[in-house]
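Protein chains: 2
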Amino acid sequence: MPGPRTLHLNAFLYGVGHHSAAWRHPDSAAERIGDITYFEELARTAERGCLDAVFFADGHSVNPKYTAGTTWFLEPLTALSAMARATERIGLVTTVSASFFTPFHAARMLASLDHISGGRVGANIVTSMFDEEARNHGFDALPPHTERYARAEEFIEVLCALWDSWDDGGVLVDRTGGRFLDSDAIRPIRHRGKHFRVDGPLTVPRCPQGRPVLFQAGASETGRNLAARHAEAVYSVAWDITAALEYATDLRARIAAAGRDPGTVAILPGLVTYVGRSEEEAWAKKTELDALLDVDAAITQLGVFTGQDYTGHDLDAPVDDLPPIEEFTGPQGRYATVQRIIETRRPTLRGLLGYLAAGGGHATMIGTPESVADSIEEWFAAGACDGFNLMCPAYPDSLDDFVDLVVPELQRRGLFRTEYPGSTLRDSLGLKTV
Amino acid sequence: MPGPRTLHLNAFLYGVGHHSAAWRHPDSAAERIGDITYFEELARTAERGCLDAVFFADGHSVNPKYTAGTTWFLEPLTALSAMARATERIGLVTTVSASFFTPFHAARMLASLDHISGGRVGANIVTSMFDEEARNHGFDALPPHTERYARAEEFIEVLCALWDSWDDGGVLVDRTGGRFLDSDAIRPIRHRGKHFRVDGPLTVPRCPQGRPVLFQAGASETGRNLAARHAEAVYSVAWDITAALEYATDLRARIAAAGRDPGTVAILPGLVTYVGRSEEEAWAKKTELDALLDVDAAITQLGVFTGQDYTGHDLDAPVDDLPPIEEFTGPQGRYATVQRIIETRRPTLRGLLGYLAAGGGHATMIGTPESVADSIEEWFAAGACDGFNLMCPAYPDSLDDFVDLVVPELQRRGLFRTEYPGSTLRDSLGLKTV
Ligand SMILES: Cc1cc2nc3c(=O)[nH]c(=O)nc-3n(C[C@H](O)[C@H](O)[C@H](O)COP(=O)(O)O)c2cc1C
Ligand SMILES: Cc1cc2nc3c(=O)[nH]c(=O)nc-3n(C[C@H](O)[C@H](O)[C@H](O)COP(=O)(O)O)c2cc1C
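The listed protein sequences derive, respectively, from chains V and E. Just so we're aligned: the first sequence equals residues 1 to 434 in our numbering. Just so we're aligned: the second sequence equals residues 1 to 434 in our numbering.
Hints are computed from structural coordinates only; laboratory data are not their basis. Where hints are given, some of them may not hold.
Pairs count within a copy or across copies, as identical chains cannot be separated in the list.
DMTMM-like mimics (lysine to aspartate or glutamate), calculated; alpha carbons at most 25 angstroms apart, straight line [as the list claims (entries may be wrong)]:
{"#": "1", "residue 1": "K65", "residue 2": "D182"}
{"#": "2", "residue 1": "K432", "residue 2": "D35"}
{"#": "3", "residue 1": "K65", "residue 2": "D164"}
{"#": "4", "residue 1": "K194", "residue 2": "D131"}
{"#": "5", "residue 1": "K65", "residue 2": "D184"}
{"#": "6", "residue 1": "K65", "residue 2": "D174"}
{"#": "7", "residue 1": "K194", "residue 2": "D140"}
{"#": "8", "residue 1": "K194", "residue 2": "D182"}
{"#": "9", "residue 1": "K65", "residue 2": "D168"}
{"#": "10", "residue 1": "K65", "residue 2": "D167"}
{"#": "11", "residue 1": "K65", "residue 2": "D199"}
{"#": "12", "residue 1": "K194", "residue 2": "E153"}
{"#": "13", "residue 1": "K432", "residue 2": "E157"}
Please construct the entire structure, taking both the sequences and the accompanying hints into account.
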């Protein structure tokens, strides 16, 4: 019996925060981004706030020439396994590249982690983005976009078949009869596809959630169609409620067209928050981080994004509207984002650079617990989303702020849980155990 | 300055023990072989005994028709990551198949685990054994033995190059200068080999041990040569001191021929122990496990190994010597093992089945703490090994027995440490940080 709709909130962990200059703050935990206890603490904070899950993005390359910002460090599956033991209820979502893992490795590690965590695992299936990543795994370059997505689709089918290759109760432990396993409950899968050949069964008995929860994060048509067919939760990008509604409406139509119930897929746009006990305090937090930006580099980058030259522009003066997008010949998506930020927020130049430095196109809410909760409630009530993927600009502080200031306000309004409804991520997301 | 030579002892964890019938014991932890807390407890027991490391073997297939014994369950990298957080000093060694992992995945996860554990990781590089495993990773069958080993050799070279792609101090965290990384300390590896193409650098900064410790466990000529060139510790098989000496002498010659110092490679044969406060108590432990064997199946298998028909043979009567090996046409290795067990131990039929059911050819010592320590000392003093890979017949009991009864005796004799010499596995093994 479904109760009233509840928000879903994930904490998207990334180094010391999603603001690219956050690490330069004197108090930042930049020295600790390889320290597992730092991530355990973040997970415990998120769990204190009853968040659905913590989430790691992932990439398979670093650029040794890019030294100005933080980079990958711990590998997510190993990190989440340790974090599983430091927490009890919070979900643990990792990103898995269908382009680089064999489905057997991925299915196995995710199932193992689901056992270790007592049923709290989700997997964000992506197709990866850079040729540099492909060159670390034996390819000369990434396969074309459609081919990567075709592989990802088959990848997901194999994952599910492997997770289903053991029934519940496959481990009998019948001491007297001398049967440890029940052979009727374990089946090969004999998958023969275009991209994979996998006999199965999995080496891991059926996991607590049956199958770990499948997330998806691709924005393209192909990505949305994959999500429509397979995802149980989706990470999306939307600067404002209009864009979010547009995306949600589109995705829900695709989900329905794929024969599934759109009510069973949580749509979670990224959300950057600066929260203070007053509006001033909230803005001061943004200003303080923006002040740490390497302004020259950011202005050069903004020039590439917009075709405008901002050198010499007063950092504290508002930025003018951009020319109509038709006049711009570079990538349209990024141009439209900058255009929208300028039109909706009327930022100073430094403020604009700051929006781009944290989230860069993801929703950004700045204010008191009440005003941020108002915005969250507005998006949620409008059906623009089912919750958010929190992209805290500076960990751990912005997460503490969200958990200690915003969560209680959301709870007061009956929008968010005050305790976990069960022990698994599926329980938190209101999904059936498959 | 090297002190006196010290024994090295690893606990080879495997389900509820290396005796194939151990799970049928009424007190066995068979229900817990998917429970991470069970493995955490074992690791803490091993750490209480100051053992060098816990070790997981690994395989990539299960046979759904083989239901009479325990099987794989948790995946080792995820399991060890959790166990790292439940322990402080003990090494964590996993088996990694060079046939199925890309070297980038393996190097990355092992480095991540080395950070998470504070420098306690070792990797036993194997080439895998079954076509069923290959068929879970996209192959029709395992590549031929020599090809697998050629791949493993290149695999190790790529692992090392990736681990070396970051110097110490690559993570600068220079807030004022705005440099998070030191670009001079991070290099691509641009590996172009016969089996792998990997650009690098790794996504993980240099790990606490520099490189995780490399173990090897292959017994063939090719396997030994690989060990001679790359291994820092070796898992071997020897029924008695003669066989162990033969192997150690051969391997040390190969290590010297490869231009390395044989004193820097720890040779660790498998060792099954049944320990009691009296000889009777020790033997009773073996007898109790042997009594749980499925005798019909074991006799059938022994028939295949030896070409003899033991049906109807009195289970409690001694087994006669086998005919000369020249008269046997099946696999010679297993025949020789059975022959040796009969000649050296004069077991009853049930006792023989029990030796084969636990370790099956690995050294087996049965007795009081003193007599087991005598045997260990004898092997060690003779240079037949540098320690042992403990294959406890029944976890947790046999490990408790070893740690509580044998370890103190070894410590009393000055053969084994009473505390960890440092914080890393390299410290315990007396290896330099590379
Ligand atoms: C919130 C979010 C997180 C993402 N995380 C990753 C990631 O960690 N790794 C990755 O390779 N791609 C990530 N992506 C990108 C896509 O999932 C996908 O791999 C790639 O961009 C191609 O998809 P598309 O063309 O459909 O957008 C993410 C996207 C979003 C919106
Ligand atoms: C103690 C020990 C443990 C081993 N563990 C594994 C293992 O976990 N997985 C595996 O595939 N092979 C394992 N092996 C076998 C070999 O390492 C190797 O993969 C295979 O047998 C081929 O090597 P060989 O022909 O040189 O013996 C182990 C061997 C020994 C002695």
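How the hints compare with the structure:
In the homo-oligomer, the alpha carbons of K65 and D182 lie at most 25 angstroms apart only across protomers (9 angstroms), although the nearest pairing inside one protomer, at 55 angstroms, exceeds that limit. Taking identical chains as interchangeable, the C-alpha atoms of K432 and D35 lie at most 25 angstroms apart only when they sit on different chains, with a minimum of 23 angstroms there against 35 angstroms within one chain. In this assembly of identical chains, K65 and D164 lie within 25 angstroms of each other by CA distance solely across copies; the values are 17 angstroms between and 44 angstroms within a copy. Taking the shortest Cα distances, K194 and D131 sit within 25 angstroms of each other both inside one copy (22 angstroms) and across copies (21 angstroms).
Taking the shortest Cα distances, K65 and D184 sit within 25 angstroms of each other only across copies (9 angstroms), while inside one copy they are farther apart (55 angstroms). In this homomeric assembly, K65 and D174 come within 25 angstroms of each other (Cα to Cα) only across copies, at 15 angstroms, whereas the closest approach inside a single copy is 59 angstroms. With identical chains, the CA atoms of K194 and D140 are at most 25 angstroms apart both within one copy (20 angstroms) and between copies (15 angstroms). With identical chains, the CA atoms of K194 and D182 are never at most 25 angstroms apart, being 32 angstroms at best within one copy and 43 angstroms at best between copies.
Taking the closest pair of Cα atoms, K65 and D168 come within 25 angstroms of each other only across two copies (17 angstroms); inside a single copy the shortest separation is 50 angstroms, beyond that limit. For the homomeric pair K65 and D167, the shortest alpha-carbon distance between copies (15 angstroms) is at most 25 angstroms, but the shortest distance inside one copy (49 angstroms) is not. In this assembly of identical chains, the alpha carbons of K65 and D199 lie at most 25 angstroms apart only when taken from different copies (14 angstroms versus 43 angstroms within one copy). Taking the shortest alpha-carbon separations for K194 and E153, only the intra-copy value of 11 angstroms comes in at or below 25 angstroms, while the best inter-copy value is 30 angstroms.
Proximity of K432 and E157 under a CA criterion of 25 angstroms is satisfied intra-copy only: 19 angstroms inside one chain copy versus 46 angstroms between copies.
The structure is inconsistent with hint 8 alone, although it conforms to all the rest.
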